[in-house]
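Chemist: Okay, here's what each chain looks like letter by letter:
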Amino acid sequence: MFDFDTIKDTIKRGFKQYMFPVGLILFQCVFIVLYAVHAKYGYEVDDNSTEIISRNTPPPKGAVEYYYSFFQDVHVMMFIGFGFLMTFLRRYSFSSVSFNFLVATFVLEWAILVRGYVVDWDSETKSFSVTVKNLLHADFVSAAILISFGAVLGKTNPAQLVILALAEVVMQIWNEHICVTYLCAYDGGESIYVHVFGAYFGLAASYSLQHKREVESPKEGSSYASDIFSMIGTLFLFCFWPSFNAGTAFGDGRVRAITNTYISICASVILTFTVSALVGKGKEEITHIQNATLAGGVAVGVVSDKNIGLFGAMIIGSLAGIISTLGYKYLLELLKKIHIHDTCGVHNLHGMPGVLSGLAGIVVASMPWRSLYTENLGATCLSGGEHRSAGTQVGYQCAALLLTLGIAIVGGLLTGTFLRLSIFSTPDNDSYFDDSLNWHVPKDFVAENSALGSLIKSILPNQIQLEEMPNQIALNPNTLEVIQETTCRQ
Amino acid sequence: MFDFDTIKDTIKRGFKQYMFPVGLILFQCVFIVLYAVHAKYGYEVDDNSTEIISRNTPPPKGAVEYYYSFFQDVHVMMFIGFGFLMTFLRRYSFSSVSFNFLVATFVLEWAILVRGYVVDWDSETKSFSVTVKNLLHADFVSAAILISFGAVLGKTNPAQLVILALAEVVMQIWNEHICVTYLCAYDGGESIYVHVFGAYFGLAASYSLQHKREVESPKEGSSYASDIFSMIGTLFLFCFWPSFNAGTAFGDGRVRAITNTYISICASVILTFTVSALVGKGKEEITHIQNATLAGGVAVGVVSDKNIGLFGAMIIGSLAGIISTLGYKYLLELLKKIHIHDTCGVHNLHGMPGVLSGLAGIVVASMPWRSLYTENLGATCLSGGEHRSAGTQVGYQCAALLLTLGIAIVGGLLTGTFLRLSIFSTPDNDSYFDDSLNWHVPKDFVAENSALGSLIKSILPNQIQLEEMPNQIALNPNTLEVIQETTCRQ
Amino acid sequence: MFDFDTIKDTIKRGFKQYMFPVGLILFQCVFIVLYAVHAKYGYEVDDNSTEIISRNTPPPKGAVEYYYSFFQDVHVMMFIGFGFLMTFLRRYSFSSVSFNFLVATFVLEWAILVRGYVVDWDSETKSFSVTVKNLLHADFVSAAILISFGAVLGKTNPAQLVILALAEVVMQIWNEHICVTYLCAYDGGESIYVHVFGAYFGLAASYSLQHKREVESPKEGSSYASDIFSMIGTLFLFCFWPSFNAGTAFGDGRVRAITNTYISICASVILTFTVSALVGKGKEEITHIQNATLAGGVAVGVVSDKNIGLFGAMIIGSLAGIISTLGYKYLLELLKKIHIHDTCGVHNLHGMPGVLSGLAGIVVASMPWRSLYTENLGATCLSGGEHRSAGTQVGYQCAALLLTLGIAIVGGLLTGTFLRLSIFSTPDNDSYFDDSLNWHVPKDFVAENSALGSLIKSILPNQIQLEEMPNQIALNPNTLEVIQETTCRQ
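Chains as they are written, first to last, in full-length UniProt numbering: chain E, 1 to 490; chain L, 1 to 490; chain V, 1 to 490.
Take these hints with a grain of salt, some might be off.
Note: identical chains are not told apart, hence a pair may lie in one copy or across any two.
Claimed, not checked - Distance condition first, Cα-Cα at most 25 Å in a straight line; then the derived DSS-like pairs of lysine-lysine:
hint	residue 1	residue 2
1	K126	K40
2	K219	K283
3	K281	K12
4	K219	K8
5	K219	K336
6	K40	K133
7	K283	K8
8	K219	K443
9	K133	K337
10	K281	K8
11	K443	K12
12	K16	K212
13	K443	K281
14	K283	K16
15	K16	K329
16	K443	K336
17	K329	K40
18	K337	K212
19	K283	K329
20	K443	K126
None of these hints come from the bench; they were simulated from the model.
Generate the whole structure from the sequences, applying the supplied hints.
Modeler: As structure tokens, this is what we get:
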């Protein structure tokens with residue numbers, strides 16, 4: 001009996017330790033088989049570049065060039081943008097940037113497959129083809145998962161992240177497919193299908209993961225350097241957001257998507273600085289600048305390629321900046337009270353601005369000359385196909401937003417509950433927001449927990465108010481005492 | 001009476017504290033109205049992408065694709081490049097990267113408007129249209145303002161920066177408009193209209209702002225990490241500079257602008273390392289690498305799209321690297337003596353290389369087969385319109401350079417004087433180069449001013465010369481004494 | 001006599017100190033002359049953009065636009081990617097990012113010249129023309145040199161790096177020219193001609209440079225911040241690798257090169273995380289994430305534009321991730337034993353994956369319907385020119401790989417031996433991996449060697465095992481003792 005138990009234990013421990021790598025390998029093998037059987041290259045129709053090139057005349061610019069630079073911008077947003085935006089946690093930067101890296105690549109492989117089966121399946125050739133546009137779509141899907149990742153950041157282990165990604169990808173793609181093909185709700189910048197979905201899925205998952213567990217750690221804070229690293233992410237997201245919203249738009253729509261997003265996100269930057277100064281008694285909060293500044297890109301998404309006028313984009317962006325900043329200032333704590341811990345504040349950056357974008361879409365839908373909604377209609381659309389009325393469109397825009405919210409929340413709750421299974425060994429409060437759980441860390445990382453580190457910490461409290469009178473600090477008696485007490489007691 | 005005074009005080013204080021956010025909101029509202037009344041999308045002439053797309057053939061590549069990737073490169077230069085280049089100040093990195101972010105976005109909104117009225121106004125439709133090319137031009141304008149920002153970095157508050165931007169944008173655009181439309185002086189890379197203007201405007205503003213106030217702070221220094229952050233900015237500026245100079249060029253000019261800038265900036269990198277080692281007795285100075293390396297991009301600007309030959313570009317770039325590095329080594333201090341404090345050394349990176357570029361333009365103008373100056377002429381040009389002689393062009397190249405210098409310096413002096421008004425409450429020497437004035441800073445930022453920080457500082461002086469013999473440092477008696485004195489006195 | 005000696009000494013010292021800057025200036029002058037005599041702009045055939053532009057219709061998209069955005073991506077890979085990837089050394093970050101900057105620019109100027117004479121020479125006009133494609137090729141060459149740089153990082157001075165670059169460029173270009181023109185071995189992503197060549201050249205150079213000299217320094221380590229800086233490089237290399245492999249491909253080949261590289265590098269990321277966790281007992285190693293994740297981009301290079309199927313790309317990428325990670329875990333130490341010190345582990349990231357890529361190329365060559373090898377054949381090809389058989393192609397793929405290995409290793413050994421000449425005054429073990437040798441460093445850099453620094457170091461050893469139980473650390477008695485001993489002895 002006893003023997004049997006130990007064996008069981010060993011197996012359990014071994015399973016917990018190796019579930020993550022072994023699981024990844026298995027998935028990878030399955031992926032390879034599926035790609036071998038069903039994926040093929042998406043060539044362009046009668047492309048004769050070769051011949052032309054040889055004649056030393058300018059090569060033809062096809063779909064590749066039409067999408068590639070937009071794709072690359074979005075690609076940078078996913079890996080540098082999201083990756084570094086999350087490095088703000090002073091003791092969790094390795095995990096933030098690296099797990100973002102892992103999850104994103106895993107999602108890209110998985111999303112191409114799922115979208116291939118759900119969206120691009122060619123029943124004749126029994127296959128789906130992969131073009132640059134498909135890569136771009138895969139990046140959009142990964143955005144949703146990375147947003148959810150932001151909500152549970154620091155409180156999950158890699159194994160849980162991979163499972164979460166595995167499940168969310170399927171739901172996100174099905175939800176988008178239904179909304180686009182049958183509800184025919186437009187969402188140029190994917191604000192509903194990506195931002196709203198990702199945010200509320202993540203919040204729901206975080207809720208059921210944390211259920212009845214407190215999140216209270218001194219490690220959940222930034223350092224001066226980690227905050228600057230985070231700004232790298234912010235600025236790349238800012239710069240390339242027009243590429244995100246205009247990625248799949250074309251013709252006049254592309255011009256509108258670029259200019260609208262550009263203006264909207266500029267407006268949200270300005271309003272973020274404004275509101276942050278107002279609520280901060282004249283001082284800015286770097287967290288607001290890192291995040292809320294981008295809300296304008298999210299909020300304009302649904303109508304980014306619509307004829308809303310540059311002023312419309314500015315209004316939307318300004319509102320987004322206000323809402324998002326206020327969310328970071330006041331809402332985060334309230335959510336904590338109802339046991340929703342949102343590490344990166346995705347509710348403020350993606351959730352609320354995403355809903356705002358959905359509402360903007362509904363309002364605009366009532367103005368056909370602005371929504372040009374017929375461009376998005378096809379034979380498969382419910383209620384009249386291509387001949388749907390503007391009023392009906394309004395209804396379906398609402399439907400898409402509500403359906404997305406529903407699927408995201410239910411899906412997130414279920415996934416979160418599943419991830420609580422003991423086999424996943426969720427990290428506990430002590431190892432939250434700490435790289436040493438998952439990483440071999442350099443010496444100076446450990447130092448912070450050392451006697452010297454504690455010495456520093458013991459000095460800090462006295463400094464906080466002294467901040468106002470820096471000239472006196474050096475002489476501050478308390479601090480000297482502290483040092484004596486800590487270091488010189490005989 | 002007394003009562004009245006207190007009220008006046010409260011109002012004054014309130015005004016000073018909220019002038020910045022409230023002012024921003026007002027501007028934003030005005031902008032929205034103006035955009036609503038006068039801005040419209042700039043569509044391409046008979047673009048029928050939609051239909052073509054549906055036929056699944058390669059979509060047409062229009063003006064959007066012709067400018068977009070260049071625009072994105074320049075966009076990154078403004079926000080990542082300039083933003084991070086300025087993070088070198090060890091205690092001012094939040095402000096550097098964030099206020100750069102704020103100012104740039106504010107300028108983008110404002111510049112599109114002003115250029116719309118001054119340059120692109122269509123008197124028939126009573127409106128101006130916004131294309132990707134306009135966004136690119138707005139980025140060029142913001143470059144000028146961000147350069148000026150570099151001169152006053154750390155010595156101004158956000159409110160002052162916004163006012164400065166507001167004024168400078170108008171002057172910069174008018175100056176460029178006059179020089180391009182009437183003087184018809186070519187300046188492909190905007191070295192005169194952006195770099196010279198921005199640099200001397202900033203220096204003049206810094207002069208009148210600092211008038212009779214000393215700038216002497218131990219905080220005006222870099223840390224090892226902040227210097228590396230700064231290199232992020234340097235390298236992105238370096239990589240994308242060809243996009244900056246070739247942004248608005250076309251045809252053969254585009255090929256020349258790209259290759260000339262590429263070669264010129266490479267040359268300035270090499271000469272910077274060379275001169276830095278020569279004047280540093282075999283050791284390099286990171287400040288030179290962060291800045292002077294880019295001088296070649298500025299110096300080739302005016303003639304970037306001209307037929308100067310790659311060797312010409314190399315010569316210009318080499319000279320720029322030499323001048324700029326020597327400027328950083330010797331000129332900064334001299335300028336300080338005449339009360340011009342130039343935080344980022346914009347005079348060395350943008351001022352002198354910009355003037356050098358103007359001179360190159362004058363020389364090249366005397367060689368019509370190289371300047372191809374007629375390409376830049378139109379009916380509106382003074383002295384003969386399109387039939388202007390090469391000799392005349394030489395004169396007008398001089399005129400443009402001098403006019404720009406004049407407007408920049410006068411404009412900068414006036415703006416700086418205005419910004420000295422007490423209501424703007426310029427920070428004083430103690431709060432220069434310090435984030436804690438405008439930011440809620442993380443704990444470790446304060447630590448530097450703490451007892452531990454002062455302990456570190458007190459140890460450092462002894463280290464400087466010890467640097468040469470690291471093995472002895474641990475045993476250095478002085479330092480141990482210092483620690484005792486600081487921490488263990490009973 | 002005595003006098004004569006001192007003079008000799010002074011000259012020697014002066015020579016050693018100024019050889020680097022003076023040498024650079026001389027090269028620059030020679031370059032300028034050569035560019036003046038032989039380089040001209042590479043215009044497109046009958047390009048009439050100007051006229052078209054004026055008619056306000058979309059401008060034509062020529063070769064510039066076809067290559068430019070790919071070129072810019074690769075450019076960022078060279079300067080940001082390689083530059084920051086190497087910043088992981090905690091006390092050598094200035095040198096890593098800056099010397100990468102210098103070497104890259106020097107190589108770009110030099111490579112355009114050498115390729116101009118070797119590859120693009122037009123014997124009629126006695127000149128060669130420079131287009132965006134040439135700039136792209138120059139970037140490819142610089143990649144090889146920067147890889148070699150990674151092997152000797154921290155153990156060489158700038159003068160040596162420049163000489164190494166000077167020699168390697170010539171050999172790399174000749175080797176590629178022979179393999180492409182006569183052996184006609186395909187290598188779309190330059191994995192053989194750039195990665196294999198660069199890696200083994202660097203390793204050979206490192207071997208002969210270090211011959212009979214030990215490399216053992218506590219400074220050869222990372223810090224928490226420097227590891228995150230390094231991730232900037234990793235992620236940009238990851239994002240833009242498809243542009244590297246697809247840079248010179250066209251038509252269908254471009255689609256395949258992009259998608260294959262995308263999938264292959266994603267696979268290597270996932271396998272790297274997997275293997276790193278397996279060999280690390282459940283904990284990840286940041287070094288693996290920084291480097292091995294990119295092996296998939298290298299390994300797919302040779303066949304990147306071939307019809308290998310996405311599953312083929314995944315298999316190659318997965319293998320690369322495994323090999324590379326294991327290499328970092330186990331091989332680095334073994335190589336050290338045979339006196340090959342590989343600072344960045346280029347053997348694991350570029351060497352082995354490059355060889356793997358070469359083998360993949362050989363295997364694929366035996367499947368003509370996949371290798372489409374005839375596309376790469378021309379009249380100059382040995383054994384049958386354009387009518388070469390698939391079997392023959394297999395042989396020539398082997399030949400190209402072996403020839404490259406041979407030239408790289410022999411060339412590296414010779415160059416390394418030459419660089420050992422005393423005049424180059426190679427830094428010795430004490431000044432390895434230390435910026436203070438070549439830089440004027442900020443105060444906080446020195447602090448690490450100060451009494452406080454040594455105090456921190458003395459505390460660390462006790463921390464390493466405590467890492468597991470962070471709650472006890474503050475109370476750890478040993479550490480307190482240490483502080484007393486160090487600071488409070490009377």
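Chemist: Decide, hint by hint, whether the structure agrees.
Modeler: These are the hints, each one checked on the structure:
For the homomeric pair K126 and K40, the shortest alpha-carbon distance inside one copy (10 Å) is at most 25 Å, but the shortest distance between copies (46 Å) is not. For the identical chains of this complex, K219 and K283 are neighbours both inside a copy (24 Å) and across copies (20 Å), given an alpha-carbon limit of 25 Å. In the homo-oligomer, the alpha carbons of K281 and K12 lie at most 25 Å apart only across protomers (15 Å), although the nearest pairing inside one protomer, at 54 Å, exceeds that limit. When the C-alpha separation of K219 and K8 is checked against a cutoff of 25 Å, the pair qualifies neither within a copy, at 35 Å, nor between copies, at 45 Å.
When the C-alpha separation of K219 and K336 is checked against a cutoff of 25 Å, the pair qualifies only within one copy, where the shortest distance is 17 Å, while the shortest distance between copies is 38 Å. Taking the shortest Cα distances, K40 and K133 sit within 25 Å of each other inside one copy (14 Å), while across copies they are farther apart (29 Å). Proximity of K283 to K8 under the C-alpha cut-off of 25 Å is restricted to the inter-copy arrangement: shortest distance 23 Å between copies versus 57 Å within a copy. When the C-alpha separation of K219 and K443 is checked against a cutoff of 25 Å, the pair qualifies both within a copy, at 17 Å, and between copies, at 12 Å.
Proximity of K133 to K337 under the C-alpha cut-off of 25 Å is found in neither arrangement, the shortest distances being 43 Å within a copy and 49 Å between copies. For the identical chains of this complex, K281 and K8 are inter-copy neighbours only, at 19 Å across copies versus 59 Å inside a copy, given an alpha-carbon limit of 25 Å. Within a single copy, K443 and K12 get their C-alpha atoms no closer than 31 Å, and across copies no closer than 41 Å, so neither meets the 25 Å cut-off. In the homo-oligomer, the alpha carbons of K16 and K212 lie at most 25 Å apart inside one protomer (23 Å), although the nearest pairing across protomers, at 47 Å, exceeds that limit.
Taking the shortest alpha-carbon separations for K443 and K281, only the inter-copy value of 19 Å comes in at or below 25 Å, while the best intra-copy value is 39 Å. Within a single copy, K283 and K16 get their C-alpha atoms only as close as 46 Å, which misses the 25 Å cut-off; across copies the closest is 13 Å, which meets it. In this assembly of identical chains, the alpha carbons of K16 and K329 lie at most 25 Å apart only when taken from different copies (23 Å versus 38 Å within one copy). In this assembly of identical chains, the alpha carbons of K443 and K336 lie at most 25 Å apart only when taken from different copies (23 Å versus 34 Å within one copy).
Taking identical chains as interchangeable, the C-alpha atoms of K329 and K40 are never at most 25 Å apart, the minima being 49 Å within one chain and 36 Å between chains. Only within a single protomer do K337 and K212 lie at most 25 Å apart by alpha-carbon distance; the minimum there is 12 Å, versus 54 Å between protomers. For the identical chains of this complex, K283 and K329 are intra-copy neighbours only, at 13 Å inside a copy versus 36 Å across copies, given an alpha-carbon limit of 25 Å. Taking identical chains as interchangeable, the C-alpha atoms of K443 and K126 are never at most 25 Å apart, the minima being 54 Å within one chain and 59 Å between chains.
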